[in-house]
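Number of protein chains: 2
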Amino acid sequence: MQSPTIPHHHHFTTTPTIRLTKPTSRFTVRMALRPDAPSLAVVGVTGAVGQEFLSVLSDRSFPYKSIKLLASKRSAGKKYTFEDNEYVVEELNKDSFDDVDIALFSAGGSISKEYGPIAVEKGCVVVDNSSAFRMVEGVPLVIPEVNPEAMTGVRIGKGALVANPNCSTIICLMAATPLHKRAKVLRMVVSTYQAASGAGAAAMEELELQTREVLEGKRPTCNIFKQQYAFNLFSHNAPVLPNGYNEEEMKLVKETRKIWNDKDVKVTATCIRVPVMRAHAESVNLQFASPLDENEAREILKKAPGVVVIDDRASNHFPTPLEVSNKDDVAVGRIRRDESQDGNHGLDIFVCGDQIRKGAALNAVQIAEMLL
Amino acid sequence: MQSPTIPHHHHFTTTPTIRLTKPTSRFTVRMALRPDAPSLAVVGVTGAVGQEFLSVLSDRSFPYKSIKLLASKRSAGKKYTFEDNEYVVEELNKDSFDDVDIALFSAGGSISKEYGPIAVEKGCVVVDNSSAFRMVEGVPLVIPEVNPEAMTGVRIGKGALVANPNCSTIICLMAATPLHKRAKVLRMVVSTYQAASGAGAAAMEELELQTREVLEGKRPTCNIFKQQYAFNLFSHNAPVLPNGYNEEEMKLVKETRKIWNDKDVKVTATCIRVPVMRAHAESVNLQFASPLDENEAREILKKAPGVVVIDDRASNHFPTPLEVSNKDDVAVGRIRRDESQDGNHGLDIFVCGDQIRKGAALNAVQIAEMLL
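Chains as they are written, first to last, in the working numbering: chain A, 1 to 372; chain B, 1 to 372.
Treat the hints as calculated values from the structure; they're not laboratory data. Be careful, since some hints might not be right.
To be verified - The list that follows gives simulated cross-link-like pairs (lysine-lysine, DSBU-like), each with its CA atoms no further than 30 Å apart:
1) Lys266/A - Lys266/B
2) Lys65/A - Lys78/A
3) Lys65/A - Lys184/A
4) Lys266/B - Lys218/B
5) Lys266/B - Lys181/A
6) Lys181/A - Lys226/A
7) Lys184/B - Lys266/A
8) Lys302/A - Lys226/B
9) Lys226/A - Lys73/A
10) Lys181/A - Lys266/A
11) Lys254/A - Lys266/B
12) Lys113/A - Lys218/A
13) Lys73/A - Lys122/A
14) Lys79/A - Lys94/A
15) Lys181/B - Lys266/A
16) Lys181/B - Lys254/B
17) Lys113/B - Lys73/B
18) Lys302/A - Lys266/A
19) Lys78/A - Lys113/A
20) Lys181/B - Lys303/B
21) Lys184/A - Lys266/B
22) Lys266/B - Lys263/A
23) Lys181/A - Lys254/A
24) Lys65/B - Lys94/B
25) Lys302/A - Lys263/A
26) Lys226/A - Lys303/B
27) Lys266/A - Lys254/B
28) Lys184/A - Lys226/A
29) Lys218/A - Lys218/B
30) Lys263/B - Lys266/A
31) Lys113/B - Lys65/B
32) Lys65/B - Lys184/B
33) Lys158/A - Lys65/A
34) Lys122/B - Lys79/B
35) Lys302/B - Lys226/A
36) Lys122/A - Lys79/A
37) Lys303/B - Lys303/A
Stated by the list, open to error - According to the in silico footprint, chain B covers these stretches of chain A (three or more CB under 8 Å from chain B):
38) 224 to 236
39) 271 to 281
All C-beta atoms, glycine included, are put in the ideal place defined by N, C-alpha and C.
Using the sequences and the hints, build the whole thing.
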């Protein structure tokens with residue numbers, strides 16, 4: 001399977017020097033096409049996350065009876081080879097979901113709002129990567145390693161919406177939750193270092209193009225973002241709300257409360273876009289109800305599913321976006337007692353995760369796997 | 001004056017769209033060469049900060065009787081034109097300071113440790129940009145806008161060491177101090193986004209080189225840093241201490257206490273290197289003893305010397321490293337009530353400052369100006 005849109009440069013996506021869950025080879029012949037398996041649809045298949053849905057389904061040998069690739073009219077007719085079969089992208093319409101059991105949506109909030117309920121009506125389970133339904137009461141907002149209980153009652157054959165959390169939330173909570181379960185997080189101060197991929201494949205292309213332009217002494221092309229991104233960083237482009245937070249930051253605040261089912265947890269976030277391709281980093285300061293020392297925290301995180309600890313102080317080796325790019329696991333390091341808090345009631349940690357993979361497509365596919 | 005070593009690419013250092021203190025033109029003929037003025041020396045003149053010392057001296061029409069350009073043996077003999085006169089770089093030695101009133105040092109801690117005391121012995125006031133003497137009792141650690149009182153008793157003709165704080169500390173405290181003076185900061189959680197320039201001109205060159213290599217599909221050259229920097233970020237390269245903080249982070253903790261003369265202020269920091277050329281950004285979460293609402297904070301910051309407020313929520317215009325590059329002022333924005341704290345006892349702010357200029361050379365020259 002080839003992605004026509006996403007830059008897949010080697011050094012944008014390099015270098016495992018430690019164990020990180022490695023996607024299985026894409027060249028193995030799959031046996032995932034099975035008559036007894038669910039029928040799938042991928043909505044927004046030509047986008048960065050849409051493409052990654054296909055990669056992750058294949059990497060994880062997700063079983064399916066059929067798979068339908070859906071996109072806008074503009075992309076209809078494009079061909080993809082997926083697991084040795086050729087598929088033609090179909091234009092999304094209200095009949096698209098007639099015979100679909102599970103639909104993975106990543107085509108933006110307005111498409112989800114329009115077509116999600118149509119799919120549900122037809123008995124389809126929609127796993128939606130947009131923010132459209134995340135905060136709607138009754139819609140499960142799920143990170144499978146964190147709150148699998150939220151999926152209770154959702155099953156194939158019964159139309160339902162399930163929301164995939166925002167990428168920053170997923171990556172943060174993959175690391176924070178195991179500590180929260182042990183010592184209860186009272187307050188979390190998060191500063192993000194977010195990759196281009198969160199704004200889609202076109203933003204990744206613009207970062208690459210701008211970087212070339214700047215190195216050639218040209219004025220950078222600003223289509224996706226209104227300012228220079230190459231060799232720069234800026235406050236996240238999401239709209240700013242009356243309280244001064246931007247929408248990206250408020251997702252971290254609100255989604256954490258919903259996922260942890262804890263309306264009292266205090267979260268503040270500052271979300272910043274940095275010139276990195278496809279993995280987010282987050283500096284997370286934690287305040288706990290119960291004492292938790294850094295060694296115990298490190299042991300808890302080493303055992304946490306989907307988390308890898310990279311915390312080698314002697315060689316100054318800690319998580320980086322590049323090292324987690326194209327990897328499933330969220331990496332955590334810089335685990336240390338927060339000296340600005342009393343006793344062992346505070347920790348600082350630094351987390352990195354692939355925005356497209358665990359921050360979006362992988363998490364959605366893992367949700368779908370819970371239906372099998 | 002030409003810098004032989006620092007990339008001065010237009011789009012690395014672009015774009016004033018708002019008022020920021022603009023250096024006066026470098027093409028004006030200076031009258032700063034005056035027989036009644038102090039004699040100067042610049043130690044480490046070929047480095048990024050050394051070059052900026054010259055720019056800032058010139059931009060500010062710093063008066064001097066003579067100026068001596070000092071560097072290592074390797075750079076001795078290099079010629080620079082400074083304010084219409086040609087100077088030859090001399091090799092630093094123990095007699096270099098025989099007739100020098102004020103010496104600006106930026107040649108690394110070991111050079112400062114060796115030659116700083118020699119200069120002081122000869123009656124020279126040393127303004128040292130290294131970390132060598134910052135935490136030494138009795139050595140003033142000075143940000144002129146913040147703690148000018150620390151300079152009491154320091155004068156030309158009487159040998160003395162004065163330490164320039166670390167770049168991250170200066171940039172953070174330029175914004176935090178006016179708020180601290182009004183409402184007393186109890187605790188500060190800082191996450192940094194640090195530019196290449198903090199590791200010197202060679203690191204800036206390596207970032208540019210690596211970026212070219214990555215775009216050409218080549219393996220990036222890693223001489224200054226042990227890992228890929230282009231399109232990546234990583235925990236600051238300073239050594240990690242037994243408490244898990246790196247030295248850069250502990251500078252923020254300890255220097256803040258010394259500069260504010262407040263041994264109780266609680267600070268925690270996570271210092272991250274991002275692929276930006278010459279200006280640092282910092283996400284700063286503040287907890288205050290007294291309530292301070294965001295509107296009052298904004299007004300205080302608008303009036304603070306050396307600070308410019310860029311906080312336009314409607315157009316999503318906030319400080320960026322690029323916008324403050326080559327500028328004197330530290331820019332602050334994203335000023336908002338921290339919703340994770342009670343009442344008006346918390347604020348989040350986002351600060352950007354030119355690392356080479358206010359983070360190093362400008363601050364040192366401002367200290368020297370206090371001697372005039």
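Taking the hints in turn, this is what the structure says about them:
1. Lys266/A - Lys266/B: holds (20 Å)
2. Lys65/A - Lys78/A: holds (21 Å)
3. Lys65/A - Lys184/A: Distance of about 43 Å is beyond 30 Å: violated.
4. Lys266/B - Lys218/B: violated (45 Å)
5. Lys266/B - Lys181/A: holds (27 Å)
6. Lys181/A - Lys226/A: Since the Cα atoms of Lys181/A and Lys226/A sit roughly 41 Å apart, the hinted pair is violated (cutoff 30 Å).
7. Lys184/B - Lys266/A: holds (22 Å)
8. Lys302/A - Lys226/B: holds (25 Å)
9. Lys226/A - Lys73/A: OK: Lys226/A and Lys73/A at ~27 Å, within 30 Å.
10. Lys181/A - Lys266/A: holds (16 Å)
11. Lys254/A - Lys266/B: Holds: Lys254/A and Lys266/B sit about 28 Å apart, inside 30 Å.
12. Lys113/A - Lys218/A: violated (41 Å)
13. Lys73/A - Lys122/A: holds (22 Å)
14. Lys79/A - Lys94/A: Status holds; Cα separation ~22 Å.
15. Lys181/B - Lys266/A: holds (27 Å)
16. Lys181/B - Lys254/B: Cα-Cα ~18 Å, so holds.
17. Lys113/B - Lys73/B: holds (18 Å)
18. Lys302/A - Lys266/A: Status holds; Cα separation ~26 Å.
19. Lys78/A - Lys113/A: Measuring from Cα to Cα gives roughly 25 Å; hence the hint holds.
20. Lys181/B - Lys303/B: Holds. Lys181/B to Lys303/B sits at ~13 Å (cutoff 30 Å).
21. Lys184/A - Lys266/B: holds (22 Å)
22. Lys266/B - Lys263/A: holds (28 Å)
23. Lys181/A - Lys254/A: holds (18 Å)
24. Lys65/B - Lys94/B: This hinted pair holds, its Cα atoms lying about 21 Å apart.
25. Lys302/A - Lys263/A: holds (28 Å)
26. Lys226/A - Lys303/B: holds (29 Å)
27. Lys266/A - Lys254/B: holds (28 Å)
28. Lys184/A - Lys226/A: Between Lys184/A and Lys226/A the Cα gap is close to 40 Å, so the pair fails against 30 Å, i.e. violated.
29. Lys218/A - Lys218/B: Given that 30 Å is the threshold and the Cα spacing comes to 22 Å, the pair holds.
30. Lys263/B - Lys266/A: This hinted pair holds, its Cα atoms lying about 28 Å apart.
31. Lys113/B - Lys65/B: Given pair Lys113/B, Lys65/B holds - Cα atoms ~27 Å apart, limit 30 Å.
32. Lys65/B - Lys184/B: violated (43 Å)
33. Lys158/A - Lys65/A: holds (18 Å)
34. Lys122/B - Lys79/B: Holds, at roughly 26 Å.
35. Lys302/B - Lys226/A: holds (25 Å)
36. Lys122/A - Lys79/A: holds (26 Å)
37. Lys303/B - Lys303/A: violated (51 Å)
38. 224 to 236: holds (count 9)
39. 271 to 281: holds (count 6)
In this structure, the hints that do not hold are numbers 3, 4, 6, 12, 28, 32, 37, in rising order.
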